Amino acid sequence: MVVDDAVEKLEQELRRGVVVLGVLSQLGTPRYGYELRQCLVDGGMPIEEGTLYPLLRRLEAQGLLTSEWRTTSGPPRRYYALGPNGRRVLDRLTGSWREMTKVLDQLLEGTSDDG
Amino acid sequence: MTADELIESYVADVVMLLPRKQRRDVALELRALLADEVDGAAGRHENREAACREILNGFGRPTEVAARYGSPVAIIDPVDTRRFIIYAVSGAVILLYGGLLRGLIDPQRGTNLNAAVDRAWPYVFGWLGFLVLALGLVGWLRRRRPAPAWKPRPRLPEGINRAGRAVGIAFFIIGTVVLVNPMWTIRFVSGGRAMQAAQDVFTYDDDFLRLRGPVVLGFLIGSIVIQAIILVSRRYQPWIFWVETGYGLGFLAVLTWAIGAGPVFVTDTTDQSAKGIVALVILLSLLDLAVRARRFDARHAVEAYDRSST
Numbered sequence: 018m019v020v021d022d023a024v025e026k027l028e029q030e031l032r033r034g035v036v037v038l039g040v041l042s043q044l045g046t047p048r049y050g051y052e053l054r055q056c057l058v059d060g061g062m063p064i065e066e067g068t069l070y071p072l073l074r075r076l077e078a079q080g081l082l083t084s085e086w087r088t089t090s091g092p093p094r095r096y097y098a099l100g101p102n103g104r105r106v107l108d109r110l111t112g113s114w115r116e117m118t119k120v121l122d123q124l125l126e127g128t129s130d131d132g
Numbered sequence: 005m006t007a008d009e010l011i012e013s014y015v016a017d018v019v020m021l022l023p024r025k026q027r028r029d030v031a032l033e034l035r036a037l038l039a040d041e042v043d044g045a046a047g048r049h050e051n052r053e054a055a056c057r058e059i060l061n062g063f064g065r066p067t068e069v070a071a072r073y074g075s076p077v078a079i080i081d082p083v084d085t086r087r088f089i090i091y092a093v094s095g096a097v098i099l100l101y102g103g104l105l106r107g108l109i110d111p112q113r114g115t116n117l118n119a120a121v122d123r124a125w126p127y128v129f130g131w132l133g134f135l136v137l138a139l140g141l142v143g144w145l146r147r148r149r150p151a152p153a154w155k156p157r158p159r160l161p162e163g164i165n166r167a168g169r170a171v172g173i174a175f176f177i178i179g180t181v182v183l184v185n186p187m188w189t190i191r192f193v194s195g196g197r198a199m200q201a202a203q204d205v206f207t208y209d210d211d212f213l214r215l216r217g218p219v220v221l222g223f224l225i226g227s228i229v230i231q232a233i234i235l236v237s238r239r240y241q242p243w244i245f246w247v248e249t250g251y252g253l254g255f256l257a258v259l260t261w262a263i264g265a266g267p268v269f270v271t272d273t274t275d276q277s278a279k280g281i282v283a284l285v286i287l288l289s290l291l292d293l294a295v296r297a298r299r300f301d302a303r304h305a306v307e308a309y310d311r312s313s314t
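Line order of the protein sequences matches chains A and B.
Counting from 18, one number per residue, gives the positions in the first sequence under my numbering.
Counting from 5, one number per residue, gives the positions in the second sequence under my numbering.
These are calculated hints, taken from the structure and not from any lab test.
Any given hint might turn out to be false.
Label pairs and their computed distance ranges (CB to CB) [claimed, not checked]: (1) Glu-52/A to Lys-25/B: 25 to 31 Å; (2) Pro-158/B to Thr-83/A: 54 to 60 Å; (3) Ser-113/A to Leu-21/B: 33 to 39 Å.
Everything numeric in this text was worked out from a predicted model, so none of it was measured.
Beta carbons are placed, not taken as given, at the ideal position from N, Cα and C, and that holds for glycine.
Can you make the complete structure from the sequences, with help from the hints?
Set out below in structure tokens:
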């Protein structure tokens, strides 16, 4: 029970660490909030609604995303997309992520060798 | 309530907690997002209202959501929280004790002590308000100016300040002599020229001399003995701290009793003045004990580390 609780909490922290990269990676084309969340869930990255939507506004405030209101069919929706800075940040974060996973794989290999 | 009414109520609760310029925009967006989520989840529930309740529960409490949307600023930085608690509780205890002392030395002895303590509460709230302001200002300055580079503080001396303690003992002895016989001291200082009235002003009350006086004198002498023992000790060991602190607290309790159980001097003016001075000494001593306890605790933790690493 203690282990399960700890794993759940720490997994959440792990996911929180990568959610920004996951979000940026899916905003190459404009999407609205719910559509983005479904996209992430279908891709295997479940994310809480209460976390995603405020995150989008924060990333916009930081200048990484742009947004516009669109009324297509149904009520008006706010569409988010990567801005120029967002693309640069995405490229750099992707490089950092690849580096980190390489390092972590090596560390974990060392751990499994030690038994 | 219908699903739409639930969404409206939830959105209203969230945006009320946001800055005015964000409210309309967030309300519009949040309403649309929640409607989409509810429509997406409706198929998994018996009705749209049940789906809505699940979605809203998953979203989180309005206060949590508003915190995520905004950039909440803490009035007191989290790093200062522990300090705030210590200062708040210590200050409150000292102020309330001060209220109790004031009630004890009140010339109208029929005063209800509870009422005397109650009168201290506005000062306690004032103190808490001052702390919030002071620590809020400290946090605000910290956020606006780059923190200066850390500089090591001189480590607290492990040895005993023998010169300071010796001077302290001398003053203690002189003070005890003056208190034991103030009239003799006045005659000595004035060369016998002081008027009788001046000498009568410092005459002790008989009831005080019967019990309270000797007990206070005993504790004064005990304090001098303890300081003398510390003076000749090699280093300030934990047992010295515990003896000094325990004895100090006991002495403060005795002083409280001494000034609260009846007159000390025969003359009212002298009596009130003396009690006021003793009350101030009690409160300052409490503060001093609290500061020394904190320092001892910190030093002890560092020394425990030193001992464990050698």
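A quick look at each hint next to the structure:
A C-beta distance of roughly 27 Å is found between Glu-52/A and Lys-25/B, which places it inside the suggested range of 25 to 31 Å. Distance hint for Pro-158/B and Thr-83/A: a CB-CB separation of about 55 Å, consistent with the stated range 54 to 60 Å. Ser-113/A and Leu-21/B have their C-beta atoms about 35 Å apart, which keeps the hinted 33 to 39 Å range intact.
When held up to the earlier numbered hints, the structure conflicts with none and fits them all.
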